[in-house]
Amino acid sequence: MNIPAELKYTASHEWVRLEADGTLTVGITDHAQDLLGDLVFVELPAVGQELAAAEESCVVESVKAAADVYAPVAGTVTAINEAVVEAPESVNQDAYAAWLFKLAPANAADLAGLLDAAGYKASIDAA
Amino acid sequence: MLKTTVLNTAHRALGARMVDFGGWEMPLHYGSQIEEHHAVRRDCGMFDVSHMCAVEALGPDVKTFLLRLIANDIGKLKTPGKALYSTLLNEAGGVVDDLIVYYLSDTHYRLVINAGSTDKDLAWMAERLCEWRLDVCLIPLRTGPTAVAMIAVQGPHAKARVWEVLPEVRPATEKPGPFFAVEVGPLCIATTGYTGEEGFELTVPAAQAEDIWNALLAAGVKPCGLGARDTLRLEAGMNLYGQDMDESVSPLDAGLAWTVDLASERDFVGKAALLEKGRQRQFLGLKLLTQGVLRAHQKVVTAQGEGDITSGSFSPTLGCSIAFARLPLGVAIGDRVKVEIRGKRLDAEVTRPLFVRHGKALI
Numbered sequence: 001m002n003i004p005a006e007l008k009y010t011a012s013h014e015w016v017r018l019e020a021d022g023t024l025t026v027g028i029t030d031h032a033q034d035l036l037g038d039l040v041f042v043e044l045p046a047v048g049q050e051l052a053a054a055e056e057s058c059v060v061e062s063v064k065a066a067a068d069v070y071a072p073v074a075g076t077v078t079a080i081n082e083a084v085v086e087a088p089e090s091v092n093q094d095a096y097a098a099w100l101f102k103l104a105p106a107n108a109a110d111l112a113g114l115l116d117a118a119g120y121k122a123s124i125d126a127a
Numbered sequence: 001m002l003k004t005t006v007l008n009t010a011h012r013a014l015g016a017r018m019v020d021f022g023g024w025e026m027p028l029h030y031g032s033q034i035e036e037h038h039a040v041r042r043d044c045g046m047f048d049v050s051h052m053c054a055v056e057a058l059g060p061d062v063k064t065f066l067l068r069l070i071a072n073d074i075g076k077l078k079t080p081g082k083a084l085y086s087t088l089l090n091e092a093g094g095v096v097d098d099l100i101v102y103y104l105s106d107t108h109y110r111l112v113i114n115a116g117s118t119d120k121d122l123a124w125m126a127e128r129l130c131e132w133r134l135d136v137c138l139i140p141l142r143t144g145p146t147a148v149a150m151i152a153v154q155g156p157h158a159k160a161r162v163w164e165v166l167p168e169v170r171p172a173t174e175k176p177g178p179f180f181a182v183e184v185g186p187l188c189i190a191t192t193g194y195t196g197e198e199g200f201e202l203t204v205p206a207a208q209a210e211d212i213w214n215a216l217l218a219a220g221v222k223p224c225g226l227g228a229r230d231t232l233r234l235e236a237g238m239n240l241y242g243q244d245m246d247e248s249v250s251p252l253d254a255g256l257a258w259t260v261d262l263a264s265e266r267d268f269v270g271k272a273a274l275l276e277k278g279r280q281r282q283f284l285g286l287k288l289l290t291q292g293v294l295r296a297h298q299k300v301v302t303a304q305g306e307g308d309i310t311s312g313s314f315s316p317t318l319g320c321s322i323a324f325a326r327l328p329l330g331v332a333i334g335d336r337v338k339v340e341i342r343g344k345r346l347d348a349e350v351t352r353p354l355f356v357r358h359g360k361a362l363i
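Chains as they are written, first to last, in the working numbering: chain X, 1 to 127; chain W, 1 to 363.
Read the hints as simulated data drawn from the structure, not as lab findings. The structure displayed is predicted, hence computed values, not measured ones. Do not take every clue at face value.
What the hints assert, rightly or not - Derived CB-CB ranges, DEER-like: (1) W:Ala123 / X:Leu35: 31 to 39 Å; (2) W:Glu276 / X:Ser123: 55 to 63 Å; (3) X:Glu56 / W:Asn90: 39 to 47 Å; (4) W:Ile363 / X:Ala127: 36 to 44 Å; (5) W:Leu134 / X:Glu56: 55 to 63 Å; (6) X:Asp94 / W:Ala13: 24 to 32 Å; (7) X:Met1 / W:Ala123: 40 to 48 Å; (8) W:Met1 / X:Ser123: 23 to 31 Å.
Ideal placement from N, C-alpha and C gives every residue a C-beta, glycine not left out.
Turn these sequences into a full structure, and let the hints guide you.
This is the structure in structure tokens:
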């Protein structure tokens, strides 16, 4: 299972990378794309949209199923990755390169509530 | 405990993602269901369909039995090997199952029924036999020396690949047109399928299944799972039991009027109910005109009232989302309708419930 050690995670299968400017880059994990199978549609949030922690931020759909993507922490969407809308399969090819959106967290301290790689792996194994 | 086919080990060796389908552990895909879909449309793919149940129906009364049991007219079958798609109905005209009937002789037919309906169908048929006092023996080819496995090889190059692997079947299988089975030794080779492409469905002794599967694999036939099977059959306009119709749905409301023989004098289970109720809904196709994916149970809003999607997915061949929907009478092909997806109403166009045949888009 591909769970990079340098990222943070949620139990709902989002990965989160803290960037140098304090924003968070968010995507879905390799495990999530594997469960979903071939992605065919991604609907991203709007730039400027404010999200509460664990709020539905966007949707990814595979041939098989639709899955909500949740905001890992509260914040404001600062950027979206239009390239994944054009090529949803890029998430299947490399889930950690094909990010979905960037978030300016409302409270930087909220990051402490996210899982590390070991914690995420444990949450999958427990499921 | 899930049931497994004799090819279970072969699927696992190929890295298949396995899922529960009607109580059977079956491959969903072997990596990418979209690639598997394209392989069938452009080249050749194969599916383990051994979860479906082949049943021998034998005895002096078998023709009488099937004429009375089945909604389509098996009396049309005169040439040994000829197949007919049909439904089994209950007294209320709901669909107990859909099936293929092969005619072998006036005292010997073979039925192929759905995996998830097998126990129900066998019980249903046994009850009718008892009630009608007919002399028919039903033998599911599941266990023991008569156990079979079924492999569907489908795609524009499917026949050539099967002939490469099983050259002994070529002379007998070059001529037959669609919906026909021939027996070559212990193998039964039928020109049936569930993809809208050319191909064969091979019914083989269970003990030979893995060797044949591996030989087809070595010949370049791509293993395909239930995921691709579902998108292929949806594009090809073929119904799925339990999704597009079930015991509460009339075949006339599921796009299956062509499989129901209401014209002749023959009486069959469910006929009176169908004649009384008539067609109440239309079974049509939808093409989503925006981004998104149509799914079963989404609500469709038309000028004539509401309907429901029964099967929906992304069409790898067309590159957009398509669906089957049960819609009010009066809705016409070409109409614009709205589909409710997560609180939004998206535009869709009503189409024939048939999207792709022999690799070509029809809409």
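Cross-check of the supplied hints:
Distance hint check: the CB atoms of W:Ala123 and X:Leu35 are about 36 Å apart, consistent with the given range 31 to 39 Å. Checking the proposed 55 to 63 Å range against W:Glu276 and X:Ser123 shows it holds: the Cβ atoms sit about 56 Å from each other. In this structure, X:Glu56 and W:Asn90 meet the distance hint of 39 to 47 Å, their C-beta atoms being roughly 42 Å apart. Against the hinted window of 36 to 44 Å, the Cβ-Cβ separation of W:Ile363 and X:Ala127 comes to about 40 Å, which satisfies the hint.
Taken as a hint, the range 55 to 63 Å holds for the pair W:Leu134 and X:Glu56, whose Cβ atoms sit roughly 58 Å apart. For the hinted restraint 24 to 32 Å between X:Asp94 and W:Ala13, the CB-CB distance of approximately 27 Å keeps it satisfied. Separation of X:Met1 from W:Ala123 is about 44 Å and conforms to the stated range, judged on CB atoms against 40 to 48 Å. Between W:Met1 and X:Ser123 the Cβ separation comes to about 28 Å, which falls inside the hinted range of 23 to 31 Å.
Of the numbered hints given earlier, the model fails none.
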